[in-house]
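Undergrad: Each chain, letter by letter, is given below.
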Amino acid sequence: MFARLMESGNKKIADMAVRSNFRSFRFRNDRIFFQKASLHDKTILGLITKEPGKKSMQMEVYDCKQKTDLATATLIWDTKNNQKITSVAGKNVIRGGKASWDFYSDLFGRNSIDNKGLMIKQYVHYDKGMDNAYWDGRRMVYGDGDGAVFTSFTSDIDVIGHELTHGVTENEANLNYENQAGALNESFSDIFGIMIKQKYDNQDVKKSNWLIGEKVMVGPRYALRSLKAPGTAYIDHPELGTDPQPATMDKYQNLPNNESGDWGGVHINSGITNFAFYVAAFNIGGYAWEKAGRIWYAVLTDTALVQNAEFVDVKNLTISHAEKMFGINSSESKAVRQGWDEAKV
Amino acid sequence: MKIKLIRTGGFLPITREAEADVNLSDKQVKQLLEIIQHDRIPSPIKDGHYYLLDIGTKSTLVDLEKVPDEYKALFSKLKDDLKIIK
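Residue numbers (this note's numbering), protein chains in the order written: chain V, 1 to 345; chain L, 1 to 86.
Any given hint could be a false lead.
As the list claims (entries may be wrong) - With a straight-line Cα cutoff of 30 Å, these simulated DSBU-like cross-link-like pairs (lysine-lysine) come out:
1) V:Lys98 / V:Lys80
2) V:Lys251 / L:Lys83
3) L:Lys66 / V:Lys67
4) V:Lys65 / L:Lys83
5) L:Lys79 / L:Lys2
6) V:Lys65 / L:Lys27
7) V:Lys80 / V:Lys55
8) V:Lys65 / L:Lys72
Claimed, not checked - Only some residues are given here: those of chain V computed to face chain L with a beta carbon under 8 Å:
9) Gln66
10) Thr72
11) Thr74
12) Leu75
13) Tyr222
14) Tyr252
Because the hints were derived from the structure by calculation, they are not lab data. All residues carry an ideal CB built from backbone N, CA and C; glycine is no exception.
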């Protein structure tokens, strides 16, 4: 019908037919595209929105009372009862857990760690003077620090966001915790941890110091990690020496894949991919979570990210997603390429 | 004999060590290690700590939750004494 009208001798009718045909073509193709689009594609295009009233954070906080048996820890706070608590560590993890939950929910429509509303369980005062925080596959656990080199591992929101992100990664790409895949696992936790803190503090890429765990480490010149300058989080520390993280691939450390070798240097070589993210986010500008964060989240939740992924796989996926989101020659996709170039991946 | 407890791993992967002199027979050492030996690790705990017990030239990955009552004070003291190794 359109073809006949477009050939009409009446110019007005012919013009109208061309416009109608064009609109019809676009609607038809949009429909086909969206019918074929995966949930993941729809999420990154912002088509999956929060459904008000369907999601709500569920959290429980337990006090281990400096013991190591999590089964005997005491429940001190939960979202249902919102108890008044005196434990500073308890207050810290409520704040950090909420900031992390909000970050994933508000920006990506994610419903908790597993995207199915998982109860966030956090355990504080674990063991005597334990200088650590960890994710055990179900829960986040925090020690009080030794008081000399480390304070409580609940002191920084980025550390709490880091641990919660281990849970997110486990429910998405489930990256192996060894060698390059393990370093990527650590890097996603650092990257989302720092963005959770930046968003909580409303800091843009210039205002942020890009340090993880600066309150956890005793002393104003020290932090656990630096995404801006890996290898400088602590320098000539009397107890720890100097931060061993490399920033570039030519300095990648081949360490034994066992408990003594940090499973192939997962906390060491993560500096390389952390630095790639920092450069990309800084060159994009503004708030890291708005563009760079969306790109990295799209990769983390992309089924193409396999368990034994290497740095180059994440490089290719971030570039591909940046191009898909912002255009092939966009400043954003160029910034992502620059990030990986600077990190020499 | 000297035994050494070594803790590795963590959010910041540092090594801490502590030593103690103990009077244990070879049989007691063998029994202790059989009890506290760590199960095979299917997938490491994210940011988790791990403990190794060095006795002589043998290094064994151990699970301190399995330490028998009669050795709890010894291992508690070793944990308290753990010092960072640069």
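Undergrad: All hints are to be evaluated individually against the structure, with a verdict given for each.
TA: Going down the list of hints, with the structure as the test:
no. : hint               : result
1   : V:Lys98 / V:Lys80  : holds (14 Å)
2   : V:Lys251 / L:Lys83 : holds (28 Å)
3   : L:Lys66 / V:Lys67  : holds (14 Å)
4   : V:Lys65 / L:Lys83  : holds (23 Å)
5   : L:Lys79 / L:Lys2   : holds (15 Å)
6   : V:Lys65 / L:Lys27  : violated (36 Å)
7   : V:Lys80 / V:Lys55  : holds (14 Å)
8   : V:Lys65 / L:Lys72  : holds (18 Å)
9   : Gln66              : violated (12 Å)
10  : Thr72              : violated (12 Å)
11  : Thr74              : violated (19 Å)
12  : Leu75              : violated (21 Å)
13  : Tyr222             : violated (10 Å)
14  : Tyr252             : violated (16 Å)
Checked against the numbered hints listed earlier, the structure breaks hints 6, 9, 10, 11, 12, 13 and 14; every other hint is satisfied.
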